[in-house]
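Student: So the chains spell out like this:
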Amino acid sequence: MTDLPTDANTVTRSKILAIVVGGLALIGLGVGYLVFASGRVDEDIAEREARAQAAIEAFETSALADQQAAIHEAELGSAFDGTDDSLSRDLELAPGSVLAINRVPGDDYGRLAVRNPDGSRQLFDRRCLRVHVAANRGVCLSQDESVLAAAFRTEFFSLASTDLPEVRSYASPLPSRARLTPDGLVASTTGFVSGTSYSDIGGETETIVTIDKVEERSALVGLVQFEVLSDQPGYDAADRQFWGVSFADNDAFYVTGFFGDEPEILTGSVSRKTLEPTGYIGSCPSISPDGRHLVFKEALPDGSFALAVVNIATGEQWTLGETRSVDDQVEWLDDDTILYAIHPDGDDGGAVQPQFDIWMLDIAAGSEPELFLPAADSPAVLR
Amino acid sequence: MYPSVRNAPERTATSTGIEPTRVLSQNLIALGLTSFFSDISSEMVLAVVPLFLTTSLGFSILGFGLFEAGYQATNAVFRIWGGSIADHRQNHKRTAASGYAISAATRLGLVASALVAAIPAVPFLLADRVGKGLRTAPRDALISLSTHPSRLATAFGVHRSLDTAGALLGPLIAFVVLSQAPGAFDAVFVLSAVAAVIGVAIIVTFAQEKPQAEPKRTRPAIRDQWRDVLAVPGMRRLAIGVAGLSLFTVSDAFVYLVIQRTTDLSARYFPLLFVGTAVVYLVLAVPVGRLADRIGTRPVFITGHAFLVVVYLLLGFSELSLAVSLACLGLLGAYYAATDGVVSAMASRLVDSQIRASGIALITVVIAVARMASAGLFGLLWQSLGRGEALTIYLAALLVAILFAVRLFPDTRAVA
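Protein chains in written order, with the working numbering: chain A, 27 to 409; chain B, 38 to 453.
It should be emphasised that the hints constitute simulated quantities derived from the structure, not laboratory data. These figures come from a predicted structure and were not determined experimentally. Idealized CB from N, CA, C, for every residue including glycine. You may find that some hints are simply not true.
What the hints assert, rightly or not - DEER-style ranges, computed between Cβ atoms: (1) B/433 - A/241: 36 to 42 Å; (2) B/217 - A/263: 55 to 61 Å; (3) B/309 - A/194: 20 to 26 Å; (4) B/422 - A/259: 52 to 58 Å; (5) B/433 - A/50: 52 to 58 Å; (6) A/328 - B/155: 46 to 52 Å; (7) B/63 - A/72: 28 to 34 Å.
Claimed, not checked - Cross-link-like lysine to any residue pairs, in silico, SDA-like; alpha carbons within 25 Å at most: (8) A/239 - B/242; (9) A/41 - B/421; (10) A/299 - A/329; (11) A/239 - A/305; (12) A/41 - B/298; (13) A/239 - B/298; (14) A/41 - B/63; (15) A/41 - B/241; (16) A/299 - B/420; (17) A/299 - B/63; (18) A/299 - A/328; (19) A/299 - B/246; (20) A/41 - B/300; (21) A/299 - B/66; (22) A/239 - A/155; (23) A/41 - B/423; (24) A/41 - B/70; (25) A/239 - B/112; (26) A/239 - A/286; (27) A/299 - A/242; (28) A/299 - A/211; (29) A/41 - B/299; (30) A/41 - B/138; (31) A/41 - B/424; (32) A/239 - B/423; (33) A/239 - A/196; (34) A/41 - B/135; (35) A/299 - A/360; (36) A/41 - A/61; (37) A/41 - B/420; (38) A/239 - B/424; (39) A/41 - B/131; (40) A/239 - A/148.
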């Protein structure tokens, strides 16, 4: 290399200055955009929080809530004293308690909640994306907020005290469904290994169903390892997928299976590691506590879902009186009533803290849904 | 067509007039800073594409291996191309800068796709790999052409530590952005674009072409270029040696998975495995480069793989306590420090400056392809035989590959 011209140093120095100034200006622009984006997010959340609070207030003061409270108090006996102020009342979990995830946008979004009989709620510290409870145990599929990208955990917790202490937990994929056996000893979770939507099953979406003992480490088994007992061909498809387990008892369960055509419902046994087709076409089954009725999602041609119910003994099947699309695995409030979450009008679920309301519906044909708990999701009834 | 390779280092040293005492050339600083900023940029993006972490935490080991293979394939194809055209036109700076510019442009595409749902993000993520493939070999060639041959490993060490520092900072910045503005991926991409543009501005402004020897009237055809690369004495032996070693190199993602699974490490700490390895790499890159310049690149490169043997032993045959896991991460970082920059120095010393980018591209692509095959093979072995057995097989095979490489590697000691 030849010697540089004498003014090379000043040229280089001015270039360095230009890069530093230009770089700082760009960084300033970037930070400015971040401030703008942050303000946009805060504003959006605040606006939706106000809306959710208004909806809750309207709900709690409605005669409907009082009526429901009366019904539940009658059912629950003396477990709750309905005359107490809800905030000062001690948190108490008893059979009949309905847990859910608080979906009021803002700081309390995602906190586990228990619904008081009067329709108000009390919040726990634990945060979940999906929850289920049985006996004295709960399963909470949570998002680890402290790490860089989406990292999810399956957490088992105890209902023995109101701080809901953790029993055991491990890392898991994007959570979708969670159920416990009635004795609270076995859990099944569904996660998305890839994709995020059941409408794309067989395409991008890949799910994984695991069955796990709550108390034991390394007791996981994947449902794909179960043998399907059927004379029909096609059930051993390599790309078969399962999701949405519902336990009928401490061993038997219902689950959605997909074998390349359309999702159908199978029944299975945890101990025998077998599955058998039921013949019902649909997904996300949920069996009633008395084992007599099975509710599941029926795909409609436009891509939305209706809820269907079948009487297991008679095989009689009818569509429930919910006209909105329900993309949820329903929970049973009692032997005749289901609970499920749907997005309120004008919320497509794409927001940062998407909105859900929990609705209640009698399975008798012609019944109409009633709001059960606004700004909440993932109902779980303690039995 | 080219002067004898054995004379090449000496010739380069004298004809370019680079002082052997000076490692930090203007080009090295410029390229190091460009890599620093562009790694901040690309790691910011990778950190928020949830696929990467959900996949790494997912359950299908084979599927994970395949994913990694596809990701590296794009990179490999364009790396060969980038090396070819940079040598052919003798414009290493311009080719490298184009690669950085392509990646920077994809960030704007990502901003658009974050703001407009109809614009898909995947094409931009792939285009980013195209840019990365294009720039890698010309950039390394330019570093080598700007450095005295006796200081090559040190120079690559400096570059790799700046590069790794960017890779560490990127996810951190993404995390800060998303904690300030949850869900605002557009803000992540805007800041990522800022870092990428700064990187491009630095290379364009400060890096200088290093045209070699007398300008040729007739440029060799790219095919002839490659024939010459393959004819370089020792080139095939180096390529076969690194292929053997890389074929039995377990991808670090698998190492993290083994540690995470056997220690039941909380997902909270999973990214720390990467951070731990990268910090060790960052710290060791320069001293290990200096060592390689003093005692030779070959022993350092081979020792790096010996570290890997120890990692397999620890992973497969010990109780993975916290201390052992940390030792694994440390050894993995040391392995990177002893191999990643060092192999570029090895290739640089072997190949004449006229075809250097192609030579570097060839060796690094051989490594990439062998690692690709390795990821698939290891995934298969893990799923069919189990983790311990897969590690045992890799352990034995890597030992054989090391012995093989010791005999095979050409002597690439610098002529001081």
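Student: Going back to the hint list, which numbers does this structure go against?
Tutor: Hints 2, 4, 6, 7, 8, 9, 10, 11, 12, 17, 18, 19, 20, 21, 23, 25, 26, 29, 31, 35, 36, 37 and 40 not satisfied by this model.
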